[in-house]
Amino acid sequence: MADLDTIELVKDIDVDKYKYGFETDIESDVAPKGLNEGTIRFISDKKGEPQWMLDWRLEAYQVWQNLTLPTWAKVSYPPIDFQDLHYYSAPKSSPAPKSLDEVDPKLLETYAKLGIPLKEQEILAGVRKQGEKSDLDGESGGEYASGKVAVDAVFDSVSVVTTFKDELKKHGVIFCSISEALREHPQLVKQYLGSVVPQGDNYYAALNAAVFSDGSFVYVPPGVRCPMELSTYFRMNAKNTGQFERTLIIADKGSYVSYLEGCTAPTRDESQLHAAVVELIALEDAEIKYSTVQNWYPGDAEGKGGIYNFVTKRGDCRGDRAKISWTQVETGSAITWKYPSCILRGDDSRGEFYSIAISNGRQQVDSGTKMIHLGKNSSSRIISKGIAAGRSDNTYRGLVSAHRKALNARNFTQCDSLLIGDKCGAHTVPYIESKTSTAQFEHEATTSKISDDQMFYCMSRGLSQEEAVALIVNGFVRDVLQHLPMEFMAETQKLIGISLEGSVG
Amino acid sequence: MLEIKNLHVKLEDEAREILKGLTLSVKPGEVHAIMGPNGSGKSTLSYVLSGREGYEVTEGSVTFKGEDLLAMEASQRAAKGVFLAFQYPIEIPGVATMQFLKVALNAQRKARGQKEMTAPEFMRHVKERAAKLNISQDMLKRPVNVGFSGGEKKRAEILQMAVLEPSLCVLDETDSGLDIDALRVVADGVNALRSPDRAMIVITHYQRLLDYIVPDKVHVLSDGKIVKTGGKELALELEANGYADFVGKAA
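Chains F and B, in that order, are what the protein sequence lines are. The opening position of the first sequence corresponds to residue 583 in the working numbering, with each subsequent residue numbered one higher. The opening position of the second sequence corresponds to residue 705 in the working numbering, with each subsequent residue numbered one higher.
No wet-lab data here; the hints were simulated from the structure. Fair warning: this is a prediction, and the values are worked out from it, not measured in the lab. All C-beta atoms, glycine included, are put in the ideal place defined by N, C-alpha and C. Don't take every hint at face value.
Stretch by stretch, here's where chain F covers chain B in the computed footprint (C-beta under 8 Å, at least three residues) [to be verified]:
1) 773-784
2) 801-812
3) 882-896
Going by beta-carbon spacing under 7 Å, a handful of chain B positions derived as facing chain F [unchecked claim]:
4) L788
5) I794
6) I796
7) G798
8) A944
Below, simulated DMTMM-like cross-link-like pairs (lysine to aspartate or glutamate); rule was C-alpha separation at most 20 Å, straight line [unchecked claim]:
9) K714(B) x D1034(F)
10) K746(B) x D1035(F)
11) K1031(F) x E734(B)
12) K936(B) x E734(B)
13) K656(F) x D666(F)
Produce the entire structure from the sequences given, and follow the hints as far as they go.
Here it is, written out as structure tokens:
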């Protein structure tokens, strides 16, 4: 069972040694340090972008220069010198590989080292072919038992391998890197890019718009149920490189797509900046399910060297009865600043946010969601589980708002915090704004500690301290875990154990 | 199997002694009942044996299968075969009873250097035992002790005992909060586990439980010491006369 795997993994790990901390030696094509119009032209040129894309980037750069760093979050970090970063780094290799045989074996090694025991890994490694049954199948049942996962691997900043393209093509689904989408489907990109998160939305989103290197693009045509889970592994590799991914997912009328994103990163001394933007657009009767497991380097015991993760994720239920569901598991990063949100524009549209945020050591998490009700009878649901250990700070910050036209808007919010030890902090900051008296918003919040009784009970049954904590925390987050696709559940249960290593005793 | 010698115990942050020189010897296959009034140290004894933190042993020793039990952590003691059936079983929200049992059993097996049980083996292992205790599959799916009735909690404790197959079972007031029917089910479950290589210490306030779980020996615990030891008839004597005689003697 997964809990025992957790335990094994926890035991395998040396203190202060991040399991996924290693660097792959692949020749990089790096832009010089610093940010100016020249950098942006360099990036755009490298990618062979059309003029309008370059103009769009330059516009974002202009806006960015006039924006100031957001300071309202409960996180603190030394000032970032934006001129001391590389804004582009791509593995040097021949034109895109046609099959796995052509993929740099070092890359495949990297995935193996990551120890991702998932279907994606099997597929990437060629152990299991598309459509073949995996051991993971059959347990989940329902809509996730398809046993098919398409992987768009992002290594540093450029998509290196894209699998399953043909099968997706049969259904008319486009799943590729943004760069490729810009070449092959420029009209779609032009129509939707920045339509949910505009260039000047916030400091980090503007920075991303100016210098984004790559990311994933998905388009699901009307009435199509995407035949497989779409998955991307983001991974930072070259030294000192900010990671500016841009993801754009469009579900056309009556379509459905489930997208999985998972992350790990190598150890390094300097903090790494990550400022991604994800835009989701669900048209009439469409549904997008977006799941993330984030496990970036959190820094050493003093918090040194961890990833700074400033992410803007937003979905737009642009049509009636559209549905967007965010599920996130946040265990890594020194700083997490992230609020996957839903604009519930369509009548009867629905937004969901399920979150597990674990902080240990010196980690700082300020995360939550925004549910913006504009359409009639729109509904939303927020389940947030924060676990704070060590000397970490864990804040849930959420906004639920109803426009005056959002008649009968409904929201249910549940925020539960679990504290481990007495040096950490858990905070809940809910904002509720309603401009219509017909809205019904409910908010529940609890804070609890792992009790000595629970620990003793588990230990008297043979569990070690760390096994007991992993088990109790896995129980605490059960409501959210259930919303993860099967592919992520096992990994997540392991991650929970790893993340809380050293939190007791 | 278990040798407790002159055991003195106090709470870590209090000066007052709770156990004041307790001595007890339990052989494999034996069932010992420990009876005594409130505050005599019954629960403390169960916690000290199972390794709960917060207690300090100031004098004496506890040897289990020839090893120093007090030197072991709670989880090590469990792997060695010590099991405590809790008076008030603890809730663990979100963790299915079945999952809890499997994690516990395999943690112990691993600690003993045995192979972990596979899912089908484990299912069989639990199903047989659960059926005997009137525990449904549905109950096994519910989170550990969450929303269980008093009777369900106690039956679940005995199920854990049956699944983990310890060599020393300590039952702390297992009869409390049970009606007569539930008591019978629990007692039957316990009796089914009696075997020549397994010992039991049954801690109880009332003689009633001992009608169903018939002990080999009965000890009266008063003010931190065993003040009288006898056969099963001693329990009946206590039922008739109360603890007053012994409390007086100890004072």
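Which numbered hints does this structure break? Hints 3, 8, 11, 13 not satisfied by this model.
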